[in-house]
Amino acid sequence: MATNVTQTSTSSPRGRGQEQMMLFLLLAPALLVVVGLLLVPLLWLAWQSVWDNGFTFENYRRLYTEPLYGRSFLLTFRLSVEVTVTTLLLGYPVAYAATVLPRWLSLGVLALVVVPFWTSVLVRSYGWLVLLQRTGVVNKLLMGMGLIDTPLSLANNEIGVLIGMIHILLPFMVLPLYAAMQKIPRDLLLAGASLGGRPATVFARVFLPLSMPGVAAGTVLVFVLCLGFYITPELLGGGRTLMVSMLISRNIELYNQWGAASAISVVLLVAVMLILAVGRLAVPLKSVAGAK
Amino acid sequence: MTRLNPFHLLLGAAVLLILLFLILPLLVIVPMSFSSTRFLTFPPPSLSLRWYESYLESAAWMQSTKVSLTVAVSSALCATVLGTAAAYALSHMTGRLGRMAEALLLLPLVTPIVIVAVGVFFVYARLGLLATWLGLVLANIMLGIPFVLTAVSAGFRQFDHAQEMVARSLGMNRLRAFFIVTLPQIRPSVVTGALFAFISALDETVVALFVSGGSNQPLTKRMFTALRDEIDPTIASISSLLTVASMMLLLTVWLSARKAGGKP
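Just so you know, the sequences run in chain order A and B.
Quick note: the first sequence uses the numbering used here, first residue 11, plus one each step.
Quick note: the second sequence uses the numbering used here, first residue 744, plus one each step.
Fair warning: there could be bad hints in the mix.
Calculated pairs, SDA-like style, for lysine to any residue (alpha carbon to alpha carbon, straight line, at most 25 angstroms) [stated by the list, open to error]:
(1) A:Lys193 <-> A:Ala226
(2) A:Lys150 <-> B:Val934
(3) B:Lys809 <-> B:Val934
(4) A:Lys150 <-> B:Leu760
(5) A:Lys150 <-> B:Lys809
Don't read these hints as lab results, they were simulated from the structure.
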């Protein structure tokens, strides 16, 4: 019925033309901001990466001839895999609990996921610095329990970066998982049980496969966000854990190497877009924003 | 549904530990902010308000706070207007053009933030917007649009456009029909989008690192520099205040969604 009304009002060609014009005018300001501040600079970066007083692939050639760049890409990729797998393993039981618990408990679980999610990344990185440093809470606790004799170095290295990234990205895994699990009809689980399936069988044969869209969404989202991580590795990595995004900023801030920075940016952006494009078969782009 | 068994207890314990991991950094920040020493000692040897005083008495921190708040409010307001207008247009468009426009408007969300920052830096260097207040606002509008767009689009999916047509057929013009009939019904999602844009602008750090400077440095840039160079406990008091602020905003979002009868 709704479509009928809409159609009658815009059936005349002139009415439809006006309608199109108005819709475009409403879109224009937002498009102008995003095109001007994001799309144009991205195209410029792509141009800059192949143009240096002439057409050249020198910037890209350097990416694989200079070992520093290769190491940084490898490190970023490895950390992203580690973080994605860990957040999936930690996030799945939390999302599952939020789905099966009684409502008030499940609200509590979700609140504990959402509150850190919306707390400043700087604040959380600071918290981890306090926790993980040599004389920090974690080391004191472990030494107090007699588990270790000398403090472990947990911050200013890769372990610190890993812990910080897992902490920041875990909610990005839990929320899509929870959204997918919520859609699983309870009747199916009851049906599975009534057909004689033990709880473990029902979980493995009914619940787990039906939760896969959430697994795909969370995995794609977390992996893509890992690839572009910046603040946490800067603060918890002690300057030694050089991820790709830091490589870009160093090339500009320290060395004023726009060509190199552009080439790295283009490779990173293409990687992100490719993963998103593949993931889009399972995950609509909007769920990325919907998770926040 | 099922009886409690050892497996459930194990699962419950694991979930509790994971949740503890999630709030652990927030739990140490507040006690740290009341510490009397300048070292990162936890628990603090004795309590004092000196780091709150040091924050409130520092002209530099106060200036940054002012910049952060005014930038976040202005950019959230603009992003809400632009994002809502765009969501309205997109809710009427079904073709390929609409999908392309939507993908473009969501682009800021999926572009690695360092690349966004480098791009914005380049544009601002040409336009003379580096180290300006306006530059920060513009960048945060761009980053806030996807949040508003997603929230408000979700609101439009629940709304039947026929109602607006009816109002117009009864003699209202389009603008009046929107404000009197449509907006009140999608208001909760507009509020949600606005608050998300506000929080995202308040927390934005990387673009600010590249393009802000002088007296127009937001809180996050100063905090980042202070954390990287030498840890100043004043950050603990600022962090505590920021955490309380974001919790209150989240509560507002939740109440606004509840009032609308939607899911929490």
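Tested hints:
1. A:Lys193 <-> A:Ala226: 15 angstroms, holds
2. A:Lys150 <-> B:Val934: 44 angstroms, violated
3. B:Lys809 <-> B:Val934: 23 angstroms, holds
4. A:Lys150 <-> B:Leu760: With Cα atoms ~19 angstroms apart, Lys150 of chain A and Leu760 of chain B stay inside 25 angstroms; holds.
5. A:Lys150 <-> B:Lys809: Roughly 38 angstroms between the alpha carbons, so the hint for Lys150 of chain A and Lys809 of chain B is violated.
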